[in-house]
Amino acid sequence: MYGSGILRGLGVTLRHLVNTYVEDIRWGFRRHIPNEAFPQRQGLQTRGIFTVEYPDEKLAVPERFRFIPFLVVENYDHPERPGHDWCTSCGICAKVCPPQCIWIVRGTDPVTNRPKPEPEEFFIDIDICMNCGLCAEFCPFDAIKMDHDYELASYDRTTAHIYNKQHLSKEFNYWKAIAPTRAEEEAQARGGWDHKDVIKQREKEAKAQAGGPTRPTVTGP
Amino acid sequence: MADQSPAVETVNPVDDAINHLIEKFGAAVQRDTRDGYSGVIVDPAQLVRVGRYVRDTLNYEYLANAAAVDYLGKGDHLEMVYHTYRVSGGPALVLKAQTPREDAVLPSLVPVWPGANFQEREAWDLMGIRFDGHPNLKRILMWEGFAGHPLRKDWKEAYYEQDQKPFDSRWPGGQVSRSEEHNAYGKNVKYPDGFTLDDYESLAEKAIYDTMPLGVDVSADISTDRVVVSLGPQHPSTHGVFRMVAAIEGETIRGLEPVMGYLHRNHEKIGERNTFLQNMPFTDRLDYFCSLSNNLGYALGVEQLMAHGARWEAPSRRAEAIRVLMVELTRILNHLVAIGFMLNDLGAYFTPLMYAIIERELILDFFEAVTGSRMMCNYMRFGGVAADLPASLRSTANQVNDRVREFDTMQYLRELIHDRLPRAVDQTDQLLTTNEIVTSRCIDVGILSKEDAIAYSAAGPVLRASGVPYDIRRAEPYSLYPELEFDVAVRYHGDIYDRYLIRLDEMRQSLRILKQILPILEETKGQSFFSGRGGIYSPRVPAGESYGRAENPKGELGYYIVSDGGQNPWRYHVRAPSFINLTALEQMSKGNKIADVVAILGSIDIVLGELDR
Ligand code: SF4
Ligand code: SF4
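Read top to bottom, the protein sequences are chains X and L.
So the first sequence is numbered by this note's numbering: it starts at 832 and just counts up by one.
So the second sequence is numbered by this note's numbering: it starts at 87 and just counts up by one.
By construction, these hints were calculated from the structure, which means they are not laboratory data.
Virtual Cβ for every residue (Gly too), placed ideally from N, Cα, C.
Misleading hints may appear alongside valid ones.
Said to hold, decoys possible - Sample of chain X residues lacking proximity to chain L, with all beta carbon distances greater than 12 Å (derived):
#	residue
1	M832
2	I856
3	F860
4	L875
5	D908
6	P913
7	G914
8	E952
9	P1011
10	D1025
11	K1031
12	E1036
13	A1039
What the hints assert, rightly or not - What follows is a list of derived Cβ distance ranges for each label pair:
#	chain 1	residue 1	chain 2	residue 2	range
14	L	R403	X	Q876	29 to 35 Å
15	X	Q1032	L	V490	36 to 42 Å
16	L	M496	X	P865	54 to 60 Å
17	L	H268	X	E949	46 to 52 Å
18	L	A400	X	E911	42 to 48 Å
Just need the whole structure built from these sequences, with the hints factored in.
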């Protein structure tokens, strides 16, 4: 029959409409109560519409989500070096960055005038950054990580969009909070929660104390 | 459906063909003996004859790619490279022709392969090779007021800093500045000598309108003037900033010319400044619906080169399985959205598209958790992928009003592939296939014949809907495809309706592939996902050329890459399916009504990021 195809199609739209209300009624018109409701209604099982009403509600981003990088600094309550940069200003991130939006001024020791493993300054032009994540992928010191904060709108791009070191720095605990699984994997690879160099330094000292050769020091329970 | 088994041959068919050519043409055809190169170098004077012979006698009737290379300082000539294929499958016969950089002229191959039309215009525009006998040789991506040919190695852009990245100014003395602050051209524009803006308007438009078949037709009952109608560049149905200039008689199309380049950013020049790895995230920006497929094509191209070098290990089985998983999911989301947009063009404003986007969101949720981004995935690496699949798709709240979700990865995939997506495909089928408005607008409209489809180098769904069962996954298989079971979808009418149906077929075949991938993912759990050495941001790529091609949702995506052994590609050319598929647009539209052109364009499925590059 001519028109039956259209009717079939309208059947599909009708089903969508009804399903959306069925879901609403099933969950009592509340999207977030109880807590299990949200993943259900925002997942594969849902039959209805699942618009998120930004900015009143937002989807939490997954761990690997990448937005503008930040620089990891030692926890602010760290006993030995609070707020110390993890970055050693090795320059790898600046070399690997595809649009070349990282500028690093390598630190120099004022006494010896030799380079020291700390950046004097660190800039990222966030207008140019393409959020590719290569800098974080290739930093050998886990010192630059991709952030989850995507709300960066500002009124003037010419004054506010070149981030300096101070603006970029966030303590290590923040990274642990936004990406717990990855932070743990990285810590395992480093051999501890501390910075690579700190761990190395400690091992060296322990070795020196034990006076012996390469035997690992065993501490009591 | 036609099953196309990979050709099994004992003699290398390309070698055979080359011997034939040398026998027939003698000194006019010479093997390309440069290290890492293949194919033959043809004497320009004989190029057209050789082309004809290659097409008609040797049966390499499909010209996939035509790219120009500037060998400045390496022989100081320009070179056109043509990749020709047999539609029955198998590797490429590569033809090359060289011409001096000053006064670069080559004979046009458009009479042999009409599909060379836009590609030669591109080579003229960006590389400055003139093609003798080209029917419409003018700039295609740039405008007339553009000075120079930007892909020449000695051409420098307004924000020129250095030939190759990484730039020295970034480290260790990184004094930050904006590039526009030291703009070499002042206003960022440099005009050719003798060019003034005063008469520009007429100049550019005249060039387009001149080629249009105008005039008064007095033989018809009602004498009608032919008029030229410009659709776009900002038109809701042109899929972005794209323009068509159509000559119409009454409502019937007599001639049509696509006008493009509004989104041009010279992706290829950027690519040649970049290191090999730095190009990976840039490929995301080509066809931004299918960033993962773009990644794969590029990885294939560079891996071909790296395979010649020492210390190369092919990607593990797990890496390949993950790659196939990602690109087939991409195919499904692309086709859903493509159908949605096509229906938009037909006037079904947004309902089908929104249904497609619902499903797409669910796939993007998965991409985001695995790769870190919904659209700009930057996920493939040379020798594998950037990270393994996570155990769970998990998020942590860290902003105000965040709502948390967590799914087990494999569980999510199983449900998606076995339940959710098949239902979505069936629903699209139900919603549209028998709809009388769709059938009456689509059947027998915008026909592209089988012969034309091959001649115009159409690719992907457009080619297969015209009755050519050519799919690179079978014709020149890569990754895990040889062991996966699926049929090459093919339809025979070549009209809009078949181009719609073939996308449904392909989605169903993709689901079939995905169902076979799931057990492979389970069984390879724990295998490495990257075969290269970790932490190497500038892997050594041996000198030579390679053409990495992948069957993208929109058609053949090819990367022609030339390496000189350094850390940056010497030449990086993208064969964009959206761009080349448009060559046949005029052919499809002629004789149809102007309202149908919009639908025809929708059925080709273009994306401007890739089209304009
Ligand atoms: S790669 Fe890491 S350590 Fe090196 S400069 Fe960049 S942030 Fe600092
Ligand atoms: S995310 Fe990419 S573009 Fe941004 S700073 Fe890092 S490397 Fe550069």
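Exercise for the section: Please flag the earlier hints that this structure goes against, numbers listed from lowest up. Expected result: Per hint list: 1, 4, 8, 9, 16 and 17 violated.
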